[in-house]
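Produce the complete structure using the sequences and hints provided.
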Amino acid sequence: MQIRGISISGLVLVVCFLLARPNESDGRVNVQSTYLPGTGRVSVWSEKLSKQKLSCSAGFITHNLDHYTSVDGDTVDQFEANGAGVALGDLDGDGDLDVVLGNHSGTNTILWNQVTQNMDDGFFPNFISEHMSFGNTRAVNLVDVDADGRLDIVMTRRNGAFNYLRNTGQPDSTDSFNGIQRASGTSFVQQVLPGIAWPAYAMNWADLDLDGDLDLVTGSYDASLLENQGNDFLIGNGAGVLIYTNQEGKYVPNRLAEKAQAMAIAFFDINRDGSKDIVVGNDFAVPDYAWLRMATTTSSGNIYSKEKILEFPWSLQVNGWIPTSFDTTSYSTMSLDVGDVDNDQILELYSTDMMPYDETDTTVTAYEPLMADMDHNRNAGDPQVMANVLLINTGVVGYQDAARPRGLDATGWSWSAKFGDLDQDGLLDLYVVNGMAESTVFAHLDNHELIEANQVFRNIGNGYFKPAPEWKLGSTFGGRGMSMGDLDGDGDLDIVVNNLRGPAQLLENRLCSGESLQVDLHWHNDSSLAFQPQMGEIRNTRAIGTVVYLKTSAGNFKRDVRVASGYLSGDPPRLHFGFPTNTSLYSLEIHWPDNVVSIVTDLSPQTLLKVSRLSGFFRNSRIPQKDSVVDQKKEEKDRNIKQAYPPKIECDALNRQSECLKVTNVLSEEKFDQQLRKIIAQHGLTGEPRNAHDMPSINEPLAQLGKKLFFSKALGGDLDSACASCHHPMLGGGDALSVSIGVGAHDQDLLGSARTHPEGPTVPRNAQSTFNVAFYNQVLFYDGRIENLGKTLSLKGSDDHGTDGLQQGIRTPDSLFGEADPEAGADLIAAQSRFPVTSQDEMRGFEFEAHRPPGYARRHLAARLGGYDAGRGELERNGWLAEFRSAFRNSGDARSLINETNIAAALSAYQRSQVLVDTPWRAYVQGNEDAIAQSPKRGALLFFQSDDDGGAGCATCHSGDFFTDEQFHVLALPQVGPGKEDGRFHDDFGRFRESGKPVDLYAFRTPTLLNVEVTGPYGHDGAYATLKGIVQHHLNPARAVAVYDVTELDPAVQTQYLAFNTQRALSKLEENRKAGLPAIQNIKLTDQQVNDITSFLLTLTDPCVKSLACLTPWIPSDDDIDPDGLRLKARMLTSVAR
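The sequence shown runs contiguously to residue 1892 in the numbering used here.
Read the hints as simulated data drawn from the structure, not as lab findings. No false leads were mixed into what you were given.
Label-pair restraints from in silico Cβ distances:
1) 1116 with 1875: 34 to 42 Å
2) 1038 with 1601: 25 to 33 Å
3) 1038 with 1444: 51 to 59 Å
4) 1879 with 1455: 18 to 26 Å
5) 1677 with 1871: 28 to 36 Å
6) 1002 with 1065: 33 to 41 Å
7) 829 with 1307: 50 to 58 Å
8) 1025 with 826: 40 to 48 Å
Computed list of lysine-lysine pairs in DSSO-like fashion (alpha-carbon distance at most 30 Å, straight line):
9) 1838 with 1425
10) 802 with 1305
11) 802 with 1364
Here the structure is a predicted model, which means the values were calculated and not measured. Each residue gets a CB set at the ideal place from its N, CA and C atoms; glycine is no exception.
Rendered as structure tokens:
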């Protein structure tokens, strides 16, 4: 890279200065110039990107640039640490993207992108640097403010008004900068933006009122203003969020909010009505703001009801804008960007926060002083989480956070984050810049600086991401502002980062993958406007806000033209579409801000298209049009769904009475046994779920060790809870509570209905029975966060825990969604056993290894049992080493034997030994027709027969001898209990928490029905106390919810958000039904039929589960060795087993 520096000095109030850019031939070839007629007529000029890349490196090459963002002094004080932004754009009209970099105590810099020079092995970026005479800059945007077709420079400052540098496009007539003037014909004049007087930190531009010109939204950073201005700030009342409406070149302010800690502003069509809505990302625990643009003018009295003002106290009344909010936002939002990460033509919104990206000792030590403050517990109605947030559209439930399952929740102390198709495969990747320096917060670190690597995430499809360190984008220079664009003219995206206390960097893309199409949009007034009264004058010359769709053989891709995104940084108004090599390009569909659509065909890859619209602004633009890809076919899709899924006709309808009578007659004439035998054969039932499973015996040494561990409170962080506290054999392998109470119980040893907690139940879900848990082959937990990823599964237990088990195929919460956890263990149960001990509410407590990642808790517990490292001396009595040596037949030391892997293996062996399947139904299936009575037989017929055949269709999900398909289904059960802190009011989103798929919202895993008689209460949150209640809910969820009786619950169970959350779940169920997705349907049965199904379910009970004598092998006796004296001495008022 070649950089030449020229300094600009002597800039005062209103001064012209010239920025150099010599003209050289760049080798571009004009291959097409086309004129397309019509209302949205455009001229298309295209050039083939003829520049070839330097040698490929399968990654990025880092170049230091001639810019250094500095601070005063040797230490970084608060707010100086925030750095400054960067923007890319073609300032001089030569087709190359130039770079503008903000600074603090130093001077801002413009890097003029020279025509790339032909080197021996390709082309190579070459810049001339020019340093302005001032800095003190925060945000940097390049935008055509005066509508002359040239990009101007606008910069916010730490305090005070904007710096606006108008691009005149003319040489300076003075002699002040003759050396530069001879090299370029571009000059800038520093002027005032008329009407803009209030200080701002973040800004963004768009035509928000749809009148053809660009409006401006600004947000102040009040904490910094207070620090810098003191009383002047308090008296001046110049803070908050303002929208400046452009009225013939003068900006008229309206204040949307009086206070703000704005770090980023994005425009995002939240409700998909065709209008740009406003999102403001706030720092310092201030919730992010959002306003919806009203399509029609509405009086503020109607918009701002008393309830609305109470719900959004931060919003002022501004006509045409309604405050709204997302259910989840980042706690200290640093950056905002929008992008279609899954190519469904619906944009997602991403915000960054501060969350460590790994759990190494170095990282944890660096963050340690901050962890207590970062461990943010959400109160009801509080949308903020201490993590990055990826909001995806889930349908009727709106935008919900899917950052964790999509792999984007923890990226470090993150500043600017932006989407871009870096590897040109048609999928938007993500780049995040990191680091922090501050003299008080990081006083414990060298140079007071948190050094973190920038993070890049490759989109692996469907909006899921995986770290891509092989791309070599892990700079540790302390990034702040960042922008992407094709700086070397080879078609792919390069990256520019403005670092703090380090040189700015160009990250040159050398991946050499895929191809691209780039699009520059221009919008000019037609000379015939006077004869077109429906057309207004256009002053949005770069078509900001335009949405463009590229339709190809590899899929349809969506991009939008914007001024800014990320943190304090500007985007080039040049769109980049990447796609795999040999992709066929069908058409480019341009949706201009006034809803006029232009379509361009005959496209070629590796081309830059310049599309100029030659008409004014269409005045009827406030009528929103349907989305080109999603909504245009919605009506046709709805018609097809209605034809494929007609409304169900109930049996009591007049035109079905004869048919229903026919079914009844058949059942009365044919023996139940014969009918059931046919069904049993059709379903391939054997009555034996143990087939192909080799379960350990409770008498084996490893299972005996597991029993001791299962009942020891030493595995509780605060020594007050054991696994058996919520999963006792005498309580059906559960706890007989709707939702559980783990740590902090009034009486540690009191179980069942008498167990209480000062705050009511604290565990969000019902405790699942451990009985027969070994038969789950695919997933554990209601949300499936432990799951087998392999196509085949070794069903035999591997008690030696070698590599022949599932070790390479189990995903856990410690691994990305869809990826195996190498530490999972040999089977699903071993993997599951590693997580209750890390849950604060279940066993860990709130002080044990507080504010540290889960792995620290597991290692500490192992050290406690082994008496080494952090756990040394924590147990007054410790005989665990002898127990582990006996179980593993190994004479090793405590450190080698007592570890989290072996602890989980022992717990797994104990739980997998709980095989209780000798049920009356099993006997019936295997030939004993007297094993069950008539009512259960009638119930079995209803259970297994489909709805179309007159049954209830229960076996559709509760299938096989284990009575579960291990899949996830939306039942819309009443949402009770403390919840999982999902949504706005402590909701529980079920499988969506793990998968991030909208279809999985409120979906929960189908439980087994074996021993269901003793495993109540029922549902993921124990909402139903009786079998009949849960059966009736399955038959008609909406009706069951309407008559739901909360008095079934223990009064301590939380129900304050039952109505709101349950209605959302019902809405999602109905949405899935209308979309033709697999979903339970309403079924009408008589009370007798419901009773018959319930009777059948009772035949699935093994009598052993109700016999204390039979369960004795799984319960420690007084004669068993108690290695630590902390064995749970269980007491209960009532128990299942007697």
